[in-house]
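Just so you know, the protein sequences line up as chains Z and Y, in that order.
Numbering-wise (our numbering), the first sequence opens with residue 10 and increments by one.
Numbering-wise (our numbering), the second sequence opens with residue 2 and increments by one.
Simulated from the structure, these hints should not be mistaken for laboratory data.
Be careful, since some hints might not be right.
As the list claims (entries may be wrong) - In silico lysine to aspartate or glutamate, DMTMM-like type, Cα no more than 20 Å apart, as pairs:
hint: 1; chain 1: Z; residue 1: K208; chain 2: Z; residue 2: E44
hint: 2; chain 1: Y; residue 1: K111; chain 2: Z; residue 2: D619
hint: 3; chain 1: Z; residue 1: K181; chain 2: Z; residue 2: D216
hint: 4; chain 1: Z; residue 1: K179; chain 2: Z; residue 2: E236
hint: 5; chain 1: Z; residue 1: K376; chain 2: Y; residue 2: E117
hint: 6; chain 1: Z; residue 1: K284; chain 2: Y; residue 2: E60
hint: 7; chain 1: Z; residue 1: K614; chain 2: Z; residue 2: D589
hint: 8; chain 1: Z; residue 1: K341; chain 2: Z; residue 2: D353
hint: 9; chain 1: Z; residue 1: K354; chain 2: Z; residue 2: E243
hint: 10; chain 1: Z; residue 1: K402; chain 2: Z; residue 2: D541
hint: 11; chain 1: Z; residue 1: K277; chain 2: Z; residue 2: D255
hint: 12; chain 1: Z; residue 1: K284; chain 2: Y; residue 2: D58
hint: 13; chain 1: Y; residue 1: K34; chain 2: Y; residue 2: E60
hint: 14; chain 1: Y; residue 1: K34; chain 2: Z; residue 2: E70
hint: 15; chain 1: Z; residue 1: K233; chain 2: Z; residue 2: E168
hint: 16; chain 1: Z; residue 1: K277; chain 2: Y; residue 2: E60
hint: 17; chain 1: Y; residue 1: K111; chain 2: Z; residue 2: E380
hint: 18; chain 1: Z; residue 1: K200; chain 2: Y; residue 2: E60
hint: 19; chain 1: Z; residue 1: K402; chain 2: Z; residue 2: E380
hint: 20; chain 1: Z; residue 1: K252; chain 2: Y; residue 2: E60
hint: 21; chain 1: Z; residue 1: K326; chain 2: Z; residue 2: D216
hint: 22; chain 1: Y; residue 1: K122; chain 2: Z; residue 2: E380
hint: 23; chain 1: Z; residue 1: K326; chain 2: Z; residue 2: D309
hint: 24; chain 1: Z; residue 1: K354; chain 2: Y; residue 2: D119
hint: 25; chain 1: Z; residue 1: K200; chain 2: Y; residue 2: D58
hint: 26; chain 1: Z; residue 1: K277; chain 2: Y; residue 2: E172
hint: 27; chain 1: Z; residue 1: K545; chain 2: Z; residue 2: D535
hint: 28; chain 1: Y; residue 1: K136; chain 2: Z; residue 2: D202
hint: 29; chain 1: Z; residue 1: K208; chain 2: Z; residue 2: E70
hint: 30; chain 1: Z; residue 1: K200; chain 2: Y; residue 2: E172
hint: 31; chain 1: Z; residue 1: K376; chain 2: Y; residue 2: D119
hint: 32; chain 1: Y; residue 1: K34; chain 2: Z; residue 2: E168
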Amino acid sequence: MTFIGEFDLVHPLLYPPGSVVLLLGNEAIARGAIEAGLGFAAAYPGTPSTEILESLADVAEHYGFYVEWSVNEKVAFESAYAASLCGVRSLTAMKHVGLNVAADALMSSAYIGVEAGFLIVSAEDPDMWSSQNEQDNRYYGLHAYIPVFEAYSPWEAKELVKYAFNFSEKFKHPVIFRSTTRVSHSSGPVKFDVVPSLKSTGRFVKDPSRFALVPAHARKLRVKLIEKWRSICEEVNNSPFNKYIDNGSRRLIICCGTGYGYLMDCLKILGVEGKVNILKISTTVPAPRRLILDALGGCDVALVIEELEPILERDVKAMAFEEGVECEIHGKDLIPLIGELNIDKLIHGVAKFMDVPVPSNFLNPLKCNIEIPTRPPTLCSGCPHRASFLELKWALAKSGVRDVIFAGDIGCYSLGVDEPFKVQDIMLEMGGGIGSANGLAHASNQFIVAIMGDSTFYHACIPALINSVYNKSPMLVMVLDNRITAMTGHQPHPGSGFTATGARVDEVKIEDIARGVGVKCVETIDPFNVKDSIDKLVKAIKFVLENRTVALVNSRRACTLMVVSNARRRGVRIPRYLVDLELCRACGICYNQLSCPAITPMPDKKASIDPILCFGCSVCMQICPFNAIKPSETPSKDWEEVWRVN
Amino acid sequence: MHSKNILLVGVGGQGILTMGRILASSAIRRGVKALTSEIHGMAQRGGSVVVHVRMGDVESPLIGIGMADAIVGLEMMEVLRYIQYANQKSILVINDRIIRPPMARTIPTKNQIISELDRLKLKYVIIDALNLALKAGSEIAENIVLLGSLIATGILSEYIEITDVENTLKEVFTGRALEVNLKALKYGYDACRQHVNENI
Ligand SMILES: Cc1ncc(C[n+]2csc(CCOP(=O)(O)OP(=O)(O)O)c2C)c(N)n1
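Chain Z with its partners taken away, still in its complex shape:
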């Protein structure tokens, strides 16, 4: 998806060979895979990886490969991996923490190896722009004996993906392609090459001694793996993506991934271009030993630049030690360990290493003297989660339940962590809310509410729900079912009723799953119907208190952002709500307790609704104790209709 998807005339991935197109890094990765003859792709969304599969899905029909949004990363990995075993070139993509979910399969895949090229794209998030940690998955490569390649830009990403597919197929081994936010979500010019004919189905040729990891087979495969790894270690020395620039200096900078682009710009800013030797590495795991030793050989001092962990740095230091190379090696002593790299962070270490001053703009930036309030992300106006949270809190109060732990999870609803809701007391990882709720329910005397989104429910909550039935964990499970994976940009899931490529399918219903695994109290609410929702929530809370076991409430209402963009596209009028200032008593319930961004207090504390921000959910009208809020017009039939998108 570039620009605003619905207005696209030509999809960026469909331009003819020879075109130079502005591509997002993720689209460049997708294009690289297409130019490598991709036949199968499976992923689970997660920032910053999402647009890889999203853009592949857009053009799947055109090129004839298979694409799916899988239920989670483990299944995505296993599906794509199996396609490779059938001789079909395949790819799986996920955010860095997604690889934790798929790690079990990852480890085994190295023992078995692959048939056709198989690429695991790990899109990582240094600085945690949209993530709960900044783990560096190059460690997974070392851990599993799987090579990890990294690019510094969209144009390099496309080429490196093609190389990685060939590499994988040559060694019959999986390859991890590591991207980071500033590659995945940067865009730049990318030149298109021809798309070869592809194979989207093949044949699985049975060979249990290789494909079935019983201990007897695994022991033999482990020996083979180590042999294979030795030849991979040799081969990376020949990669055209590792580049040595000899400027006849006694200083050397070794860099990998994004480090290269920032370094080149820093050297220009410092006016020391061409004054240092540079070894640019794209095959970080395993590090190209021969290239590194050759480059170190002629130098007195070296600096290793890499984002996050000192993985290459440790390798370089070990090599120098083993070979007795007399070179002083710097790395994380000059380059920050925490957060992403950028010019501002690199300039200091590079200037010090090059023995030149840091330009003054980096030392004395302009400073604003007035206080600017923070602007944390918030739930959108009209978001059904906001209504659900309010109803949940009111229902708990109505039931006389005060001491509550809200076991939260990951999605848009994580924003409920802040005032005024504060309904995310724990947030561990996807599925972690209901999992920890099981423990909380038995290890504390507090009332437990587990909150999760619909996509999160399918992803990793079902085993924990079964556990809560099996082990009788008293808790209220509240699913916020906005019909889609909203946080990552509206990807469909098993409950949405359609697939990645838009094909209609039967919905897998949350209520059916809950009843199927034995939950005895299952309710469905519409959060835009406040009174009825509170009544049903009260009923479910009572059930938990009386029966000391689990109850589930599914709060079902489509994501407002998605509905509003559909409404705009179809020219459907959005009914706006207005405050009758005669009736408003300035109680503040609408702007304090509902805290909708469209509603602000005026100087006299009466409410005012911004007609541009109001998306017509009507919840403020329903909760106003003085009937002071009214629609500006009767909502049309078409408006009711757009809410039933899926």
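Let chain Z serve as the given structure and place chain Y with the ligand on it in line with the hints.
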């Protein structure tokens, strides 16, 4: 280093990502290297959003502190939030609009913001993008209005012209959306030209 650095700032939902891509695409169609960098996910939910656009002889996507040639602000407070990217030569193109963060207790007034820009001796133009967008036909076209204003400052004249942006819009939008955006671009361009003429 021959390059231009444009920082786009505002609030999630204002179309800042689209703006960055249209700007970069317009450069690329002229054979100029252009890079953008954006943040998706959490940051788009009404949070503060910043997009870096770099053109010319550049290898990495993020602008250094004090190195922005222009800052385009779709919201006034956001301009001050990222003011460290500006320098005395930068041009600021600012939407005449304040969006209150929902839970903020106090926010600065427009006058306070403008005096702060004056204290820092910065060059700026203030554009009423919302009204121009509404005049063009849609409240969501503020981004394109300001894109027109940015072009009118002349800061990018060695790389792109207004017609390049128009051509990009024609490649991205059709029908009514195209009509609205072409108008928005022109209104923003004209409004800024008027300012530039008055002030020079
Ligand atoms: C293991 C893992 N995979 C993916 C993500 C990225 N991610 C964050 S929230 C989310 C899903 C949110 O969807 P949903 O549960 O439906 O809630 P919504 O955002 O729609 O409210 C995803 C996929 C993640 N954080 N961890």
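| field | Given hint E117 of chain Y paired with K376 of chain Z - CA-CA distance at most 20 Å | value | Given pair K376 of chain Z, E117 of chain Y holds - Cα atoms ~10 Å apart, limit 20 Å.
| message | For K200 of chain Z and E60 of chain Y, compute the direct alpha-carbon distance and say whether it is at most 20 Å. | response | holds, 16 Å
| said: Would the hint linking K277 of chain Z and D255 of chain Z be met if the CA-CA limit is 20 Å? | reply: Holds: K277 of chain Z and D255 of chain Z sit about 17 Å apart, inside 20 Å.
| said: Hinted pair, alpha-carbon criterion (20 Å max): K181 of chain Z, D216 of chain Z. Please report holds or violated. | reply: holds, 15 Å
| request: Measure nothing beyond the straight line between the CA atoms of K111 of chain Y and E380 of chain Z; if it is 20 Å or shorter, mark the hint as holding. | output: holds, 13 Å
| said: So if I understand the rule, the pair passes when the alpha-carbon distance is 20 Å or less; does K208 of chain Z with E70 of chain Z pass? | reply: With Cα atoms ~14 Å apart, K208 of chain Z and E70 of chain Z stay inside 20 Å; holds.
| message | For K402 of chain Z and D541 of chain Z, compute the direct alpha-carbon distance and say whether it is at most 20 Å. | response | Measuring from Cα to Cα gives roughly 14 Å; hence the hint holds.
| task | Below or equal to 20 Å on CA atoms is what counts here, so check K252 of chain Z against E60 of chain Y. | result | The hint holds at about 16 Å.
| request: Please work out if K34 of chain Y and E60 of chain Y have their alpha carbons no farther apart than 20 Å. | output: Given that 20 Å is the threshold and the Cα spacing comes to 9 Å, the pair holds.
| message | Hint check: K200 of chain Z vs E172 of chain Y, CA-CA at most 20 Å. Holds or violated? | response | Within the cut-off at roughly 18 Å; holds.
| query | Going straight from one Cα to the other, do K402 of chain Z and E380 of chain Z come out at no more than 20 Å? | reply | violated, 33 Å
| query | Given the proposed pairing of K326 of chain Z with D309 of chain Z, does the C-alpha separation stay at or below 20 Å? | reply | holds, 14 Å
Against the hints set out earlier in the document, violations occur for numbers 9, 14, 15, 19, 21, 24, 26, 28.
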